[in-house]
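Chains as they are written, first to last, in the working numbering: chain B, 1 to 145; chain H, 1 to 170; chain S, 1 to 158.
Honestly, the hints are just simulated from the structure, not real lab data.
Predicted model only: the values in this text are computed from it and were never measured.
There could be a bad hint or two in this list.
Stated by the list, open to error - 25 Å max Cα-Cα, derived SDA-like pairs, lysine to any residue:
| # | chain 1 | residue 1 | chain 2 | residue 2 |
| --- | --- | --- | --- | --- |
| 1 | S | LYS5 | S | ALA77 |
| 2 | H | LYS163 | H | SER153 |
| 3 | B | LYS132 | H | LEU151 |
| 4 | B | LYS132 | H | GLN156 |
| 5 | S | LYS5 | B | GLN56 |
| 6 | S | LYS5 | B | LYS132 |
| 7 | S | LYS5 | B | PRO54 |
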Amino acid sequence: MYRRILVPTDGTELASRAIDLALGLATLARGTLIAVHAGAPPFLLAPEVGFGAPLQDAWVREREQLAHDGLSYVRRCAGEAGVACQTILVRNDAPWQAIIDTARDQACDLIVMASHGRGGLARRLIGSETAKVLTHSAIPVLVVR
Amino acid sequence: MNEVQGTNASQASQASEASQTSRRNIFERILVPTDGSEASQRAILAGADFARELGAEIVGFIATPEFRVLSANPDVLADTPEQYAVGSSERAERLLADIGQAARAAGVPCRLEHAVSDNPHEAIIDAAGRFNCDLILMASHGRHGIAGLLLGSETQKVLVHSKLPVLVHR
Amino acid sequence: MYSYKRILVPTDGSDVSAFAEQAAVDFARAHGSEIVTLSVAKPYPAYAAAEASMAVDPGLDDQALRDWAERNVRRVAAAAAAAGVPCTTLTVFSHSASDAILDAVTEQQCDLIFMGSHGRRGLSRLLAGSETQNVLAYAQVPVMVMRPPDKSGHRPRP
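All chains should be built: construct the whole structure from the sequences, respecting the hints.
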């Protein structure tokens, strides 16, 4: 029934349950898993620092690696489960928008995502990005803890 | 800027032939609450289809409010508590029957439950626990349809308080 | 040129952490920054009293954890003092070290994080619950991930 399943991942273990569930559903439907990492480009978070600063460069590289590692993980899990998989990396200062756009561009019929990211003092009862995806999605969203 | 990578689909589908024989039940019992709205109707149909694919059962559920002596609803004012209870119950049975019908059409086992509660989200989560459900499937917006509400208030509350996964259907 | 004013240095008492702590102290001295160091102790889960054949005194465990966290931050404070770098120490109980770290960044108004990483880059054994990953994914300030040289003495390539 749901054959093109979108899983947003933040590169951390928070996405684990969503990934497992999405894989299970894709296996059942012989469908395709589409994993998207939508991260805010780090330099947008500290605009007063010059791009060239070596510290900034190191930070950007670390975050990019985190994103790639997260997507590699999903690709590996999908391969082991025998599920077709696409991975997409989007740089967008509104991750929820990137998720909605990717769902549309990839003709997905379901989004499976975690209820929360993290955010220190900004933690909410439902993660802010999840809430925004829920508000704007045109397709069903499966929210997992 | 996007980077897209794919895996070889034909290799994947060969492997998936083998994995079909050891299918596990991802969800076994789905709670499908209704409030009689059109959005609920759509969620019910999607829920029945999904349950069929999964080999799962459905628990259809509705929560109706308590009787109130003072109410903005003129029908309620005209009722005695007994009359209200009967009227309310009849409506609930009709709405639950819709779920039963959708489940039968999809060939999915179904039980129907009704609770009296002023807090639908609490009643929904409670019912999911009582009936050992492993998924809640509900509409993004319900009957109240307050203009501009980004996500239905009861759906929001279920999402906040539920420990189970929630599938939010448009 | 931007100068980082308050650097958060989480510590878990490990050798990996020690490497990052020293790097943070050196950086702070060079840039005239202050350090805020934080050690997060995870409380033991509560045991059902009826089931336990040996009653565990939760007070005793809490104290041991507190002492452990104190030792960790004192190690950083000593290194900072030796370098003439102002240092604030914090110890916190939390089930999530990364949440506590992210909270501290905001509460203490830090503009940079220096932390160690126990994982090696490129391993696909990811999503194993690394605190560094969690902080990296959500911090609103730069995170310097310090990996100590491997046994051969080579620094890991970025």
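Each hint tested on the structure:
no., hint, result
1, LYS5(S) to ALA77(S), "holds (17 Å)"
2, LYS163(H) to SER153(H), "holds (18 Å)"
3, LYS132(B) to LEU151(H), "holds (10 Å)"
4, LYS132(B) to GLN156(H), "holds (12 Å)"
5, LYS5(S) to GLN56(B), "holds (15 Å)"
6, LYS5(S) to LYS132(B), "violated (34 Å)"
7, LYS5(S) to PRO54(B), "holds (17 Å)"
In terms of the numbered hints stated before, the structure departs from hint 6 and from no other.
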